[in-house]
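Quick one: dock chain against chain with the hints and give me the complex.
Residue numbers (numbering that gives the first Met the number 0), protein chains in the order written: chain R, 0 to 387; chain L, 0 to 622.
FYI, nobody ran anything at the bench for these hints, they're computed from the structure.
Take the hints with a grain of salt, since some may be wrong.
Said to hold, decoys possible - Part of the chain L face toward chain R, derived, beta carbon under 8 angstroms:
| id | residue |
| --- | --- |
| 1 | Ala28 |
| 2 | Ile32 |
| 3 | Trp37 |
| 4 | Val41 |
| 5 | Gly44 |
Claimed, not checked - Below 20 angstroms or equal to it, Euclidean Cα-Cα: the simulated DMTMM-like pairs (lysine to aspartate or glutamate) are:
| id | chain 1 | residue 1 | chain 2 | residue 2 |
| --- | --- | --- | --- | --- |
| 6 | L | Lys298 | L | Glu171 |
| 7 | R | Lys256 | L | Asp45 |
| 8 | R | Lys256 | L | Glu182 |
| 9 | L | Lys60 | L | Glu171 |
| 10 | L | Lys298 | L | Asp464 |
| 11 | L | Lys442 | L | Asp464 |
None of the values given here were measured: they were computed from a predicted structure.
Don't be surprised by glycine CBs; every beta carbon is placed ideally from N, CA and C.
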Amino acid sequence: MSATSPVTDFRERRMRLLPLDPLLLLATLGLTAASLYTVATATQDDIPGDPNYYLTRQAGYVGVGLLLMLLISRFDYSRLREWKLGVYGLMIAAILLVYGLGFSARGSKRAIEFGFINFQASELGKLLLIVSLAAFVVDRMRRLDDRETTSRIMLLTLIPAMLVIGQPDLGSGLVYLAVAIAILFVAGTKWTHFAALGAIALAAVVIVLVAAPAVGIEVLKPYQVDRLTAFLNPTDNPKEEGYQINQSLTAIGSGGKTGRGDQATQTRLDFLPEHHTDFIFSVVGEELGFVGAAIVLSLFALLIWRALRILTMSKNLYGALIAGGITAMLMFQVFVNVGMTIGIMPITGVPLPLVSYGGSSVLVTLMALGVMQSIYARARETATAKGL
Amino acid sequence: MYLDNERRPTLTPQLAVRVALIGGVALVAFAVIFFRLWYLQVLSGDRYLAEARDNRVREIKVQAPRGEIVDRDGRTLVDNRPAMAVVVSPDRLPDAEAARQRLYRRLGRLLGMRPRAVRREVESQLQATPYSTATVKQDVSDQLAWYLLEHRDEFRGADVERVFLRQYPHHEIGAHLFGTVGEMTAEQEKDPRYRDVDLGDRVGQSGIELQYDRFLRGRNGASRVQVDALGNLNRRLSKEEPIQGRQLRLSVDLDVQEAGQEALSAGTGRGAFAVMDIKSGAVLGLGSTPSYDPNIFSKGIKTADWKRINDVDNGAPITNRAIQAGYPTGSTFKLVTATAALEEGLITPDTPLYDPGSFTLGGVTFENAGGVSHGALALRQALTVSSDVFFYQLGAQLDSEGDGLGLQRWARRLGIGRDTGIDLPGELPGLLPTPKWRNALYKAGDTEKPWTPGDNVNLSVGQGDLQADPLQMAVAYATIANGGRVLRPRLAQRIEDSSGRAIQQLEAPTARRLDIKPEYRQAILDGLRGAASAPGGTSTAVFQGFPIQIAGKTGTAEKGDGRADQSWYVALAPWPSPKYVVAVTDEAGGFGADTAAPMARRILAALFHVKENRLVEGGGPSD
Numbered sequence: 000m001s002a003t004s005p006v007t008d009f010r011e012r013r014m015r016l017l018p019l020d021p022l023l024l025l026a027t028l029g030l031t032a033a034s035l036y037t038v039a040t041a042t043q044d045d046i047p048g049d050p051n052y053y054l055t056r057q058a059g060y061v062g063v064g065l066l067l068m069l070l071i072s073r074f075d076y077s078r079l080r081e082w083k084l085g086v087y088g089l090m091i092a093a094i095l096l097v098y099g100l101g102f103s104a105r106g107s108k109r110a111i112e113f114g115f116i117n118f119q120a121s122e123l124g125k126l127l128l129i130v131s132l133a134a135f136v137v138d139r140m141r142r143l144d145d146r147e148t149t150s151r152i153m154l155l156t157l158i159p160a161m162l163v164i165g166q167p168d169l170g171s172g173l174v175y176l177a178v179a180i181a182i183l184f185v186a187g188t189k190w191t192h193f194a195a196l197g198a199i200a201l202a203a204v205v206i207v208l209v210a211a212p213a214v215g216i217e218v219l220k221p222y223q224v225d226r227l228t229a230f231l232n233p234t235d236n237p238k239e240e241g242y243q244i245n246q247s248l249t250a251i252g253s254g255g256k257t258g259r260g261d262q263a264t265q266t267r268l269d270f271l272p273e274h275h276t277d278f279i280f281s282v283v284g285e286e287l288g289f290v291g292a293a294i295v296l297s298l299f300a301l302l303i304w305r306a307l308r309i310l311t312m313s314k315n316l317y318g319a320l321i322a323g324g325i326t327a328m329l330m331f332q333v334f335v336n337v338g339m340t341i342g343i344m345p346i347t348g349v350p351l352p353l354v355s356y357g358g359s360s361v362l363v364t365l366m367a368l369g370v371m372q373s374i375y376a377r378a379r380e381t382a383t384a385k386g387l
Numbered sequence: 000m001y002l003d004n005e006r007r008p009t010l011t012p013q014l015a016v017r018v019a020l021i022g023g024v025a026l027v028a029f030a031v032i033f034f035r036l037w038y039l040q041v042l043s044g045d046r047y048l049a050e051a052r053d054n055r056v057r058e059i060k061v062q063a064p065r066g067e068i069v070d071r072d073g074r075t076l077v078d079n080r081p082a083m084a085v086v087v088s089p090d091r092l093p094d095a096e097a098a099r100q101r102l103y104r105r106l107g108r109l110l111g112m113r114p115r116a117v118r119r120e121v122e123s124q125l126q127a128t129p130y131s132t133a134t135v136k137q138d139v140s141d142q143l144a145w146y147l148l149e150h151r152d153e154f155r156g157a158d159v160e161r162v163f164l165r166q167y168p169h170h171e172i173g174a175h176l177f178g179t180v181g182e183m184t185a186e187q188e189k190d191p192r193y194r195d196v197d198l199g200d201r202v203g204q205s206g207i208e209l210q211y212d213r214f215l216r217g218r219n220g221a222s223r224v225q226v227d228a229l230g231n232l233n234r235r236l237s238k239e240e241p242i243q244g245r246q247l248r249l250s251v252d253l254d255v256q257e258a259g260q261e262a263l264s265a266g267t268g269r270g271a272f273a274v275m276d277i278k279s280g281a282v283l284g285l286g287s288t289p290s291y292d293p294n295i296f297s298k299g300i301k302t303a304d305w306k307r308i309n310d311v312d313n314g315a316p317i318t319n320r321a322i323q324a325g326y327p328t329g330s331t332f333k334l335v336t337a338t339a340a341l342e343e344g345l346i347t348p349d350t351p352l353y354d355p356g357s358f359t360l361g362g363v364t365f366e367n368a369g370g371v372s373h374g375a376l377a378l379r380q381a382l383t384v385s386s387d388v389f390f391y392q393l394g395a396q397l398d399s400e401g402d403g404l405g406l407q408r409w410a411r412r413l414g415i416g417r418d419t420g421i422d423l424p425g426e427l428p429g430l431l432p433t434p435k436w437r438n439a440l441y442k443a444g445d446t447e448k449p450w451t452p453g454d455n456v457n458l459s460v461g462q463g464d465l466q467a468d469p470l471q472m473a474v475a476y477a478t479i480a481n482g483g484r485v486l487r488p489r490l491a492q493r494i495e496d497s498s499g500r501a502i503q504q505l506e507a508p509t510a511r512r513l514d515i516k517p518e519y520r521q522a523i524l525d526g527l528r529g530a531a532s533a534p535g536g537t538s539t540a541v542f543q544g545f546p547i548q549i550a551g552k553t554g555t556a557e558k559g560d561g562r563a564d565q566s567w568y569v570a571l572a573p574w575p576s577p578k579y580v581v582a583v584t585d586e587a588g589g590f591g592a593d594t595a596a597p598m599a600r601r602i603l604a605a606l607f608h609v610k611e612n613r614l615v616e617g618g619g620p621s622d
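Okay, chain L solo, but in the shape it has when bound (with noise of 0.2 angstroms):
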C-alpha cells in the first residue's frame, strides 16, 4: 500500500482488486435494476397501466327518477321531486377516528342530528355498500345545502346529492293504490329480479310501486370523473345519463277514485269501494277509508307517523278494506245463492215461493227485515224487493240437497272468499263458511257448535260468517253481467315512455269461465234492475231522477254485538247493457239504502260525467 502520502501510488494489485470489487458490486447492482425494470416495464406493463387507470377513475352515480304513474287519461297520480340530500362518501371521509367524530358533531348540529346518530346512519349504510355513499338525511333545505357547500372544509368527507322523492300530488287520493317506496330490504338484494338495483337505491315496497317496480324504476347514470390522490375531481371522462322508469297508465279514472273516497269519507268514515270494466277487468277506481297522505313515506316515515297510520282505534288506514278486509255481504250476496239455486235445478226463472215473512228451520226462526210478508213471489221479485225468506228457503234446500255444498260451491266460482288477483299486492283472501271449516273448528273448541243448515239460511243472504270484500262483490257481480267470465281486475293498463306513447299492453290474463244459463243470468239482472227501479224496488227511490240506468242490489249486514249494520250497495251499469259494475260498503251505514247506495250514486255520476245538483239523501224499503 502507499505508505507516503505524498509520492505518487502506483495502482497496487491489492487496490486493483478492491476497486475491481467495487465495479463488480456495481454492475451486479445495476443488473439487478435493469431485469427489475424490464420485468415491471416491459413485461407487466400493460397490467400497471390497467391498475394506474383504475386508480384514477371513480364512478359517481346518479340517480334515476322512478317513473310516473298516470291515471287513465294521463293526468298524474304520482311524480318525483328533486330534493338534496346530505351524504358521505366514503373515499373523502378521514381516516383518524378523531376527525371522523368531528365531522359527525358537525354534521349533526348543522342537521339537528344527534352525533351518535349520524354515526350510526354512516356506519350501517358504508358497512352495507362500501363504495356508495351513505345518506344522513334527505330532502334539506337549499340554504342548508348551499351552507356545506360552501363549508366544504369544514365538513370533509360530506357532501350533498341531488336524489329524486316520491310525490302524491292528491295526497289522500288512491294512496293504498301507489304503495310505497323505499330502500331495498335484505331479501330483495338476494332477489334476481333486483339484480340491476344497486345497493341504498329506492325501489317498490308495497302497492303498484312494488308490482311494477321493475318497470317503473330507472336506470341509474354513471358520472366517471378522474379524481386526484385526494380524491379530488379532477377532469370529467364519461357520462352515463340516468334514465328515467317507465310510465306507468292506469285504467283509474282520477274523478271516479276521489269521488268514491270522497263519498266514503262523507259516511260513517270507515269503507272501502270498487269500481271495475265488467268486460275487461280494469278498474276504475278502488279505494278505502280511511286514507292517508303518502307523501309521510317519501323520505322515510316518521315513528309516530306510522303509529297513526296502523292503529286499529284509528280505523287502521293504512288497511286497504277494499281488498284486505272481510264483511258479511248482506242481501247484495243473493246474486251469488241465486245463481247456486238457479244452477243446482232447485229453481226456475219462475218458480214461485212462499214468503210468509218469516222461516223457522231445526226450532229457529229467520225473519225478513221489518218482519214484512212479501206473500207467493218468483226470482225476480224475490230480488226487487229483497225477500229474505225466499234465500232462506234456498239456503236451506242447498244445505240438504246432493253433497250440501252448493252454495259455497257457486260462491267459490264467483270468487267469493278467494283472491281476485288483482295487480295489488297484499290481498286477502276472505273466509266463506264451509262445514268442513265450522266443524273443524268445533273440535278445535273454537266455536259453540257444529255447522247447522242454519248456517247455511245465513249465508244465503249474506250474514254470519261471511267475510268478502267490495272487489270480490264486484267480481261476482260483473260475472253475472258479462256472460260468465270471471275477470281478474286489473289497474295498471300499459307501460309508456315519458312522453305517454305505449311500449307495452299490460293484457289481463285469460278470466276464468262460467257456465250459466243465459236464461238465469237475465233473471238475476232483471231482479236487481227491478230492485233499482220497480215500485218497491229497495234502491228505487234513492236512483230515482239518475238520468243514467242502473241496475243495483242493497245489503245490510248485521254485525251483532249491538254494533251498526253494514251497508252495501252493488250496482251495474248503464241498463241495459252493462259496462260497469260498482261495489261500495259502509262499516257502520246501517240499511244498504240508506247510506251505501246515495255512495254508489255519487260514484256512478262521476263515472258517467252526470252534473248533480245535490246529494241525494239514502232511503227506502229495507232489506
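Bound conformation, chain R alone (with noise of 0.2 angstroms):
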C-alpha cells in the first residue's frame, strides 16, 4: 500500500486500508500459482516454438484478474443491489451477443473475441447472475415463502442457463441453476419448495435423456449425452467418449504417490486431451502425484471455508447471499470438474475455478473473489464502526 500523508482525511484512509482476508487471498494465489506452474508444465510442447505460448498467457490472465480482485475488493459490493436490472440485463446481452457475433470454438458457440482474450460471455454471466439474483431475492424477503417467489427466481435463472446450454454449453447452465438453488437455500426458502424443485429436475432429466430422444426431439446434442453417461462405463466405448476419461484415470493414476515429474507421458504426448484446459487437474494427479492433488485439492478447501466463513460474517442479507451464489459456484465447479477427471462425473465441461487455463474464466472467478474480499471487508468495517 501507498504511504499516507498526516493530512489524509481519515475516512479516505480507512478506505485504502480496508482488510483483505489472509487465507482467501493466501488460497487464491495458491491456486494461481498452481495453476501457472501446470498450464507451464502441460502446454511446453503443444505449440512447436513457443513453449510458453500458454503460461504468458495464462500469467497475463491471471496478472489482470488479480488487479481486477483488489479493485473490486475496494467497492462496496452493496451499491449493486441498485443496478440489478442493469446487470441481469447486461448478462442476457452479452449471452445473446455470444449467439450473434460469437465465433465457435470446437463446434460450441461461446465466445466473443475480444482484443486478445475470447471472452466468453457464459463465465462473466456465472457473477452477473449471482449479483442479480441475489438482489432480487433481497427484494422479495418478505414474501420467502409464496411459491411466487422461487419460481420468479427459478425462472430468472432459467432463461440464462436454457440460453447457454443452447450454445452449448451445458456446465455453465448447470453452474447457474446451482448458483440460483444456493442464493434461495442460503436466503431461507421452505424446504418443501426445494423438494418441489427436485422433483421437477428429476422430471426435466427424465424427458431430457429419455422421453424427449424416444419420440425424436433432441434437446441436448447426442454427443453431450454420450458425454454424460460415459462415466458410467468407460470401456464401453474406449475410441469415443470413454477414451476421455480413460485417458484421465491412466493419467492420474500413473501419477501414484508423488508424480511423474516430467515423465508424464499422458500429458506430454497429447494422450490426456484437454489438458490444459477441463483436464488440467489430471495433469496435477499425474505430475505431482498424490501429494500434489492433495495440495490443490486443500487450497480448494481453504477457499470454500472461508467463502462460507464470510457468508456468515457478511453485514447485510445481500452480502450473505451473495457469498451464497458464489461459494456455490467454486463448489460446484471444483467437483464436478475434479469428479469428472477422476471418473465419478460426467463429462459436462466445467473448467477447475483458477487452475484451469482460460481468460475468462480465470478474470471472472478473482472477480467474483474480489466480491467476497469487498464483503469481508465491509463486514469488519462495519464491525469495527460498532466498536469491535
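Structure below.
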C-alpha cells in the first residue's frame, strides 16, 4: 500500500486500508500459482517453437484478474443491488451477443473475440447472475415463503441457463442452476420448495435423456448425452466418449504417490485431451501425484471454508446471498470438474476455477473473489465501526 | 431471518444450520474425492503406470531379409534386393469413412490401381492382422516413394516401408530347385513350426525355400518408439536389429546346373537331368526344361505369368520334370533287369543267351531295335550292344519263375516308381507296373487287357507302362556303382552364417543297403563301360575323344501314337571308379545316342572342367 500523508482524510485512509481476508488471499494466490506451474509444464510441447505460449497468456490473465480482484474489493458491493436490472440485462445481452457474433470453439459458440481475450459471456454470466439474483431475492425477502418467489427466481435463472445450454455450454448452465438453488437456500426458502424443485429437475432429466429422444426430439446434442453417460461405463466405447475418461484415469493413476514429473507421458504426448483446460486436474495428478493433488484440493478446501465464513460474517443479507452464490459456484465447479477427471462425474465441460487455462474463467473467478473480499471488508468495517 | 437488509444481521440458528449443511456437503465431497484419489494413485498406481507406458510405446516391425542360397563353391544362387513398398498403417488410418475413401482414391491414382482394389487389399490384410501394416503395393519406384513421403499430409495413413524381395540372379537356371516365397498361408498360420513368423511375412512356399524355410527365414527386428496421441513418432526407445536368415549352401555346382539346362534347351525343349555324387547322394545339378524366371514370383506373380508357366501346351514350365514327371526309360532300365536276373538266379554274368533278332511270346513278336541279330551273348555284351532280345527273355522268365515278381521286386529296391526322398517338396513316385496294378485297372474297366507276360517283357527293356524320372534312374545306377547303397539325394549341404562359416552340416540320412553280389555289379558296370567305349557300344561314338573315361547306357523309349521316341542316357564317371552319375532325358529326342548322350557329354564336361571346342554330334548304333 502507498504511504499516507498526515493530512489524509480519515475516511479515505480507512478505505485504503480496508482489510482483506488473508487466508482467502492465500488460497487464491496458491491456486493461481498451481495453475501457472501446471499450465507451463502441460503445454510446453503443444505449440512448436513457443513453449510458453499458454503460460504467458495465463500469467497475463492472472495478473489482470488479481488487479481486478483488488479493485473490486475496494468497492462496496451493496451498490450493485441498485443496478440489479442493469446487471441482469447486461448478462442476457452478453449471452445473446455470443449467439450473434460468437465464434465457434470446437463446435460450440461460447466466446466473442475481444482483443486478445476470447471473451466467454457464459463465464461472466455466472458472476452477473449471482449479483442480480441475490438482489432480486433480497427484494422479495418478505414473501420468501410464497411459491411465486421461488418460481420467479428460478425463471430468472432458467432464461440465461437455457440460453447458454443452447450455445451449447451445458456446464455453465448447470452452474447457473446450482447458484440459484444456493442463493435461495441461504435466504431461507422452505424445504418444501426445494423438494418440489427436485421433483421437477428429476422429471426434466428423464424427459431430456429418455423421453424426448424416444419421440425424436433432440434437446441435448447426442454427443452431450454420450459424454454425460460415458463415465458410467468408460470401457464400453474406449475410442469415443470413454476415451477422455480412460486417458484421464490413466494419467491420474500413473501419477502414483508423488507424480511422474517430466515423465508424465499422458500429458506430454497429448494422450490426455484438453490437458490445459478442463482436464488440468489430471495433469496435476500425473505430474505431482497424490501429494500434489492433495495440496491443490486443500487449497480449494481453504477457499470454500473462507467463503462460507465470509457468508456468515456479511454485514447484510445481500452480501450473505452473494457469498452463498459464489461459494456454490466454486464448490459446484470444483467437485464436478475434479469428479469428472477421476471418473465419478459426467463430462460436462466445467473448468477448474483458477487452475484451468482460460481468460474468462480466471478473470471472472478472481472478480468473484474480489466481491468476496469486498463483503469481508465491509463486514470488518461495520464491526470496527460498532467498536468491536 | 433478516428482514431489514441494512441492519447487521446476527447469525440466525436457521442460517447456521444451512451453512453447516453446505459445509457438510463440501466435506463429504472432499472425502469422496480423496478416497477416490487414494484408490487411483496409491492403490492402483502401478497398473495405471503400466497402462500409460503401453499407451505411448509402439513396436514397428523391421523385416528380416531371408538367408541367401549359394552353390557348392559359394556362388550366389538366390539373394535379396531391398525395395520400397507402399503400406497402410492401421493406427494412422483415418477413422472417418470419407477420409479413408479419399486416401484410397489418392493411393489408387498414385499407384495406378483402382481405389476398390486398394481398399480390398487394405481391408483384407487389416482384418487378418489388425496391428501390422497392410501392404498396398510391393516394389514401387524410388521417385514414387519419395513423392509419397514428401506429401504425407495428403496420404495420411499411408507410408513407405523397406522390404526385401527375393532375387534370382541366374534367372532360369535352377528355377525348379529354389521354389518360391509368399505370404504365410492359412494352414501355415496354424502350424506350430511357423509360430515365430509374423502374420503377413513371406515364407517359403515351394522348393528349397519351403524345405529349409526354418533356416532361411530371419528373425524380424522391432523398433520400439514412443508415439504421441496422434501416432507421431516422438522418440526412439530401443531397437532390436533384424537378424537375417541363415545362408544355405547347396551341393549344386552352378556350372553343371547351367550346362545341364543349356544342353536340354538345345534339345527338343522338354526334358530333365540329374547329376549326383554316387557316394554321398549330393546333387550337383537337377534341372528341367522348359524353365521359367522365378523373379516373377518375388513381388507377387501376375495372373498371366502364372497361367503361362502352368500351360501344358507350353510344356508347363513350373513342372520339375526331374522329379515330377514319369517316363518309360527305354534300355537304361536294362541295369534293373540285369540285377534282378542275376540276383534271382536266372543267369550268371557268363550265361550265354541267343539273340536271333526277335523274340516271340504268346503269339506276339518283340524285335530288337532295327531287327538286327546279335547272336549268342552274355550279360556284358548284351548291355554293351543293348540287345533287347537278351532282356526280353529275362523279362519273360522273371514273370514265370517264383512269384513272378522278381523284376518288380528289384526295380522297387533300386528305387524305381517310388520317391527318392530328395530334400525337395513335390516329388512324384511315378509308376512301376505290376500284375496286381494292371489287373485292378482291368477289373475297373480302365484297360483292355489284364496283365500278360508280355507286359513284363516290355518292362524288361523300360517300355510300356513304366513311369520313372531321371533322379530315380540316377539313384538306381548309383546303387550298382557304389556297392549297393540306395542313396537319398540331397541338395542342401550345410547351414552357414552370412560369411560362409559352417553352422550345421546337413547329413543325408543313411541310405538303404542292398545285398548285391560284387561280381554281379561288376559285370553290369563292365557292360555299361563297354556301351560307352567298346566297338559296337551304343554310345562309343558319342564319347570318342572325351578325356574322361565313362560308363553309360543309352535308352530310347517308344511312346506310341506316332509321337517321337524319348531319348535317355545315364552315365557313370570317371571309369573305373565312378564318383558321379548323370541321368538325362529328352522327351522327344529319338535315339538315346542321338540326343541324350551328347547332352550327358556336355554335362560331364562341365562336371570335370573339360574344355570342349565343339559340341559333339549324336549318333551311333540304335539301342
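Quick rundown of the hints versus the structure:
Given hint, Ala28(L) at the interface with chain R, holds; its Cβ is 5 angstroms from that chain's nearest Cβ, closer than 8 angstroms. Among the interface hints, the one on Ile32(L) holds; its C-beta lies about 6 angstroms from the nearest C-beta in chain R, closer than the 8 angstroms criterion. At about 7 angstroms, the closest approach between the beta carbon of Trp37(L) and any beta carbon in chain R falls short of 8 angstroms, and the interface hint on this residue holds. Interface restraint check for Val41(L): the shortest CB-CB distance to chain R comes to about 6 angstroms, inside 8 angstroms, so the restraint holds.
Look at Gly44(L): its Cβ gets to within about 4 angstroms of chain R, closer than 8 angstroms, so that hint holds up. Proposed proximity of Lys298(L) and Glu171(L) is supported: the alpha carbons are some 17 angstroms apart, at most 20 angstroms. Taking the CA atoms of Lys256(R) and Asp45(L), the gap is near 10 angstroms; set against the 20 angstroms cutoff, the hint holds. For the hint pairing Lys256(R) with Glu182(L), the CA-to-CA distance comes to about 49 angstroms; that exceeds 20 angstroms, so the pair is violated.
Using a Cα cut-off of 20 angstroms, the hinted pair Lys60(L) and Glu171(L) is violated, with the two alpha carbons roughly 33 angstroms apart. For the hint pairing Lys298(L) with Asp464(L), the CA-to-CA distance comes to about 41 angstroms; that exceeds 20 angstroms, so the pair is violated. Of the supplied pair hints, the one linking Lys442(L) and Asp464(L) holds, its CA atoms being roughly 17 angstroms apart against a limit of 20 angstroms.
Violation of the numbered hints given earlier is confined to hints 8, 9 and 10; the remaining hints are satisfied by the structure.
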